[in-house]
Amino acid sequence: MKSKKILAAVLTSVFLSTTVLLAGCNAKKTETEKPVADKIDADQTINIVGYDYKSLDPSVCSDAESFTTHSNVYEGLVKEVEKNGVVGIELAGAEKITTNADKTVYTFKLRDTKWSDGKAVTAQDYVFAWTRLADPKTAADYMMFLDEIGVKNAKEFSEGKVGADQLGVKAVDDKTFEVTLKAPTAFFENACAFKALAPGREDLAKAQGDKYGTDFKTMAFNGPFVVADYQKGSKVVYKKNETYWNAKAIKLQTCNAHVIDEPATVVKMFESKELDMAGATGDDLAKLKKKAEAGEFKHITGYDPSVSYLYLNVEKSVLKNTKVRQALSLSVNKQQFLDVVFKRHYPAYGIVPQKMAVGTKDYRKEVAEPLKAVKEDPKKLMEEGLKELGITDPSKVELTILNGKQSSTSKALSEYFQKTFLDTFGIKLNIKYSVDNPTYFTERQKGNFDICSGGWGADYNDANSFFACFTSDSQNNNGKYNSPEYDKWVKDAAKESDSAKRVEMYKKAEEQILVKDAALIPTHYRDINNFRHNYLKGMYLPQFGGYFDLANVYVSGK
Amino acid sequence: MARYILKRVGLMFITLWVIATVTFCLINSVPGDPIGSKAKALSPTAEKAIRKKYKLDQPAYVRYADYMKNLATGDMGESIIFVGKSVNTIIKNEFPVSARIGLQAVIFGLVIGLSLGILAAFKRNTWIDYLVILIAILGVSIPGFVMAILLQYGLGGKLGLPTIGWESKTRFFTAFKYTVLPMLALSFGGIASNARFMKTSVLDVINQDYVMTAKAKGVAKIPLIFSHILRNALLPVITILGPRIAGIITGGIVIEQIFAIPGLGRELVSAIGNRDYTVIMSLTVFFAFLYVVSLLLVDIAYVLVDPRIKLENSKK
Numbered sequence: 001m002k003s004k005k006i007l008a009a010v011l012t013s014v015f016l017s018t019t020v021l022l023a024g025c026n027a028k029k030t031e032t033e034k035p036v037a038d039k040i041d042a043d044q045t046i047n048i049v050g051y052d053y054k055s056l057d058p059s060v061c062s063d064a065e066s067f068t069t070h071s072n073v074y075e076g077l078v079k080e081v082e083k084n085g086v087v088g089i090e091l092a093g094a095e096k097i098t099t100n101a102d103k104t105v106y107t108f109k110l111r112d113t114k115w116s117d118g119k120a121v122t123a124q125d126y127v128f129a130w131t132r133l134a135d136p137k138t139a140a141d142y143m144m145f146l147d148e149i150g151v152k153n154a155k156e157f158s159e160g161k162v163g164a165d166q167l168g169v170k171a172v173d174d175k176t177f178e179v180t181l182k183a184p185t186a187f188f189e190n191a192c193a194f195k196a197l198a199p200g201r202e203d204l205a206k207a208q209g210d211k212y213g214t215d216f217k218t219m220a221f222n223g224p225f226v227v228a229d230y231q232k233g234s235k236v237v238y239k240k241n242e243t244y245w246n247a248k249a250i251k252l253q254t255c256n257a258h259v260i261d262e263p264a265t266v267v268k269m270f271e272s273k274e275l276d277m278a279g280a281t282g283d284d285l286a287k288l289k290k291k292a293e294a295g296e297f298k299h300i301t302g303y304d305p306s307v308s309y310l311y312l313n314v315e316k317s318v319l320k321n322t323k324v325r326q327a328l329s330l331s332v333n334k335q336q337f338l339d340v341v342f343k344r345h346y347p348a349y350g351i352v353p354q355k356m357a358v359g360t361k362d363y364r365k366e367v368a369e370p371l372k373a374v375k376e377d378p379k380k381l382m383e384e385g386l387k388e389l390g391i392t393d394p395s396k397v398e399l400t401i402l403n404g405k406q407s408s409t410s411k412a413l414s415e416y417f418q419k420t421f422l423d424t425f426g427i428k429l430n431i432k433y434s435v436d437n438p439t440y441f442t443e444r445q446k447g448n449f450d451i452c453s454g455g456w457g458a459d460y461n462d463a464n465s466f467f468a469c470f471t472s473d474s475q476n477n478n479g480k481y482n483s484p485e486y487d488k489w490v491k492d493a494a495k496e497s498d499s500a501k502r503v504e505m506y507k508k509a510e511e512q513i514l515v516k517d518a519a520l521i522p523t524h525y526r527d528i529n530n531f532r533h534n535y536l537k538g539m540y541l542p543q544f545g546g547y548f549d550l551a552n553v554y555v556s557g558k
Numbered sequence: 559m560a561r562y563i564l565k566r567v568g569l570m571f572i573t574l575w576v577i578a579t580v581t582f583c584l585i586n587s588v589p590g591d592p593i594g595s596k597a598k599a600l601s602p603t604a605e606k607a608i609r610k611k612y613k614l615d616q617p618a619y620v621r622y623a624d625y626m627k628n629l630a631t632g633d634m635g636e637s638i639i640f641v642g643k644s645v646n647t648i649i650k651n652e653f654p655v656s657a658r659i660g661l662q663a664v665i666f667g668l669v670i671g672l673s674l675g676i677l678a679a680f681k682r683n684t685w686i687d688y689l690v691i692l693i694a695i696l697g698v699s700i701p702g703f704v705m706a707i708l709l710q711y712g713l714g715g716k717l718g719l720p721t722i723g724w725e726s727k728t729r730f731f732t733a734f735k736y737t738v739l740p741m742l743a744l745s746f747g748g749i750a751s752n753a754r755f756m757k758t759s760v761l762d763v764i765n766q767d768y769v770m771t772a773k774a775k776g777v778a779k780i781p782l783i784f785s786h787i788l789r790n791a792l793l794p795v796i797t798i799l800g801p802r803i804a805g806i807i808t809g810g811i812v813i814e815q816i817f818a819i820p821g822l823g824r825e826l827v828s829a830i831g832n833r834d835y836t837v838i839m840s841l842t843v844f845f846a847f848l849y850v851v852s853l854l855l856v857d858i859a860y861v862l863v864d865p866r867i868k869l870e871n872s873k874k
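The listed protein sequences derive, respectively, from chains A and B.
So the first sequence is numbered by the working numbering: it starts at 1 and just counts up by one.
So the second sequence is numbered by the working numbering: it starts at 559 and just counts up by one.
A few of these clues could be false.
List of simulated lysine-lysine pairs, DSBU-like, C-alpha gap at most 30 Å [stated by the list, open to error]:
(1) A:K114 x A:K96
(2) A:K155 x A:K495
(3) B:K716 x A:K217
(4) A:K206 x B:K606
(5) B:K716 x A:K137
(6) A:K217 x B:K611
(7) A:K446 x B:K606
(8) B:K716 x A:K232
(9) A:K495 x B:K606
(10) B:K627 x A:K211
(11) A:K361 x A:K109
(12) B:K565 x A:K232
(13) A:K273 x A:K114
(14) A:K446 x B:K775
(15) A:K239 x A:K152
(16) A:K170 x B:K650
(17) B:K611 x A:K480
(18) A:K516 x A:K428
(19) B:K716 x A:K291
(20) B:K650 x A:K211
(21) B:K611 x A:K152
(22) A:K232 x A:K334
(23) A:K137 x B:K606
(24) A:K155 x A:K109
(25) A:K96 x A:K83
(26) B:K611 x A:K137
(27) A:K495 x A:K83
(28) B:K606 x A:K491
No lab work stands behind these hints, which were simulated from the structure alone.
Owing to the predicted nature of the structure, the values given are computational and were not obtained by experimental measurement.
Please work from the sequences and hints to get the whole structure.
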């Protein structure tokens, strides 16, 4: 919820620079394939773009780059899968999940699986990892995650008020892991796919102390792959984990994931088949699209589970006035904005992208994007708003938009709004760029802006991941939005177990923040453009947690 | 000589201390901190815990004192972003890589650059001379990273030369093929300036009286070139060698990025982006250390090579 820090950082840097994500393989859609008919090549080695991980201890990581590695070498209770276009979860480390009547106690019966060093994976491993995550001594970025998904006493434990023994996680026996929640959490099972909830090894962590997670040679893995070699800044080598419980289903033997910073190098290496998969942007994207149309390789597109928007600081200047905010929001023609600035992505009239779940429902299929239906005249709204503030001459109004680093994209974006606001209302918009990302985030967190570009990527498959960002107590609510109605709907919805009722609550919340209060101007949902050579099959690009999942990958006809 | 070296080493530590202090002040005055880049929107509880763990809740002077104390004992601290990684380990793992590519580039740049310079000087105003001048102009005006990308496009993936990469297990002793393109990119500028420098130096010596004397007393052409001209012409080259060695190790920053070489330069760039205080500090001190050591070595080498030069304290 208040999380996915780095990814969110990256998403915001959509505005700043388009390289980080796009250099990689961030497409998140599976292909519809029939693996039965395919011949499996003798050489099952692939080369793709990879990322440095911060640590092999999932408890201390918070970035999609690290989670990419964790997705492939660790297995949690459940894992994310996409079936027939619907993203859901399937059992992984757990064999069976049962709950009590009021859904506050979850019991996970664990599968009989082994670590790569031959030891059995036990319920104690889960207790260790979950406790470690919330332990203030670990000082994890995601320390409060257990609290966010409703685990009993997680907050108290993190704040040092109760001991680890009071935390709502328990090993009933070696193969039974039990979690007690303080109240029902509608998205608890989906959230269990989160990478930092994978099991961990207390014996190794104790023996290695602070060094735990820094050296792949001293780690044990329970996922379909192991880290066989790693050189920071150069490459991560994944090899099939022979002790994995479902090893016979894993066809890929080796994956060399190269850390490459230059988008142009990625494209070049992809074209010469030194890489089997690549993302692209700008001119490269157009070029690769054309070649893909000619059948040279495959082009996969889809929605990224993220939204980009402008924060309006509701405490600053004329933005205190609701009508002024509404007018600004309505003045933006999203399609035109995308045509001018990005030449890609999808226009956003809501804050939840496609394919996000609310329990058993697909939120966006149930609820139309609220801003689409609004047909008011922005000029009239602005006039009224300024009148309420006692301002007659809009040219006296000056606002500032805060950006990340100056780049061609952040410049085009800001100038678009500058021109739009000037042409529509005669309001002057100043543009401010930050020196670099840390500076930008610091300023944004402090609320030192009138308008600020931002974005959010979901941590887990539930619309709550987006809505929870803008409650008054959220650390991510940088525009200082404060609406008791919104807070109530969002908080109630998190506890409600009836999906239909939850959808209704979120619908009201979305309407409140975007239409009635206009605290944000959503601009776009990011798209995904991923290119793969025809022989690369079965690649899955997870929506939540990491950039690629190798479990079903194989090479056929290279 | 011994006293001189001792004095220089003493000065070296003072220089390093000044550099460390200035870097510390600079980093701490830049807005944004490791927490800001590591994780935006942390819950207050988590942020408090993280700040406590890395002592970021302490005032700067306390952290400064701590850091200096550890540095004095050779402990360069631990990364804030790559949890648990000590800077000593980072240097141990990555310096050999930077050193390999740097040294190889320096040697290659010297051999080719000096040869071209000598050739140009002796074949003055012929097409060889003009060609060398052309190379020199290109070398000085095309930045290394442009060269790197051109090489990557032209030769990467061909002739058995990988576009990017490095053998991680062998580090310093990685296969030659991985080093070819980065070496060319890194040494291109060096070749050019070495050639120009050497040419000027040789021309300078050729016109000296003692060369004429040697010629007059009938020294054969080959001994004349090697022991009379080149030996003297090489002297000034030593001056530029020291900074060049240090510079090329650090100058590999961009090249390391482009070729995905797991070296220290790349590490420093990413540390700066992440505000990874300890890593920035320690790597800067380490680079500064390399630099001052290479300057010292050059000065000593100078004395050894040229008997005319006396160090201040050895003349009594």
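How the hints compare with the structure:
1. A:K114 x A:K96: It holds: about 17 Å lies between the C-alpha atoms, which stays within 30 Å.
2. A:K155 x A:K495: 17 Å, holds
3. B:K716 x A:K217: 33 Å, violated
4. A:K206 x B:K606: The given pair, whose Cα atoms are some 24 Å apart, holds under the 30 Å limit.
5. B:K716 x A:K137: The hint is violated at about 51 Å.
6. A:K217 x B:K611: 26 Å, holds
7. A:K446 x B:K606: 16 Å, holds
8. B:K716 x A:K232: Distance of about 25 Å is within 30 Å: holds.
9. A:K495 x B:K606: Cα-Cα ~28 Å, so holds.
10. B:K627 x A:K211: 22 Å, holds
11. A:K361 x A:K109: 26 Å, holds
12. B:K565 x A:K232: The hint is violated at about 39 Å.
13. A:K273 x A:K114: 36 Å, violated
14. A:K446 x B:K775: The hint is violated at about 82 Å.
15. A:K239 x A:K152: 38 Å, violated
16. A:K170 x B:K650: Violated, because 42 Å separates the two Cα atoms, which is more than 30 Å.
17. B:K611 x A:K480: With a Cα-Cα distance of about 29 Å, the restraint between K611 of chain B and K480 of chain A holds, given a limit of 30 Å.
18. A:K516 x A:K428: Holds, at about 24 Å.
19. B:K716 x A:K291: Distance of about 22 Å is within 30 Å: holds.
20. B:K650 x A:K211: Given pair K650 of chain B, K211 of chain A holds - Cα atoms ~15 Å apart, limit 30 Å.
21. B:K611 x A:K152: Cα-Cα ~25 Å, so holds.
22. A:K232 x A:K334: 40 Å, violated
23. A:K137 x B:K606: 11 Å, holds
24. A:K155 x A:K109: With a Cα-Cα distance of about 26 Å, the restraint between K155 of chain A and K109 of chain A holds, given a limit of 30 Å.
25. A:K96 x A:K83: Distance ~20 Å between K96 of chain A and K83 of chain A Cα, so the pair holds.
26. B:K611 x A:K137: At roughly 7 Å apart (the allowed maximum being 30 Å), K137 of chain A and K611 of chain B satisfy the hint.
27. A:K495 x A:K83: 27 Å, holds
28. B:K606 x A:K491: 25 Å, holds
When the structure is compared with the earlier hints, violations turn up for hints 3, 5, 12, 13, 14, 15, 16, 22 and for no others.
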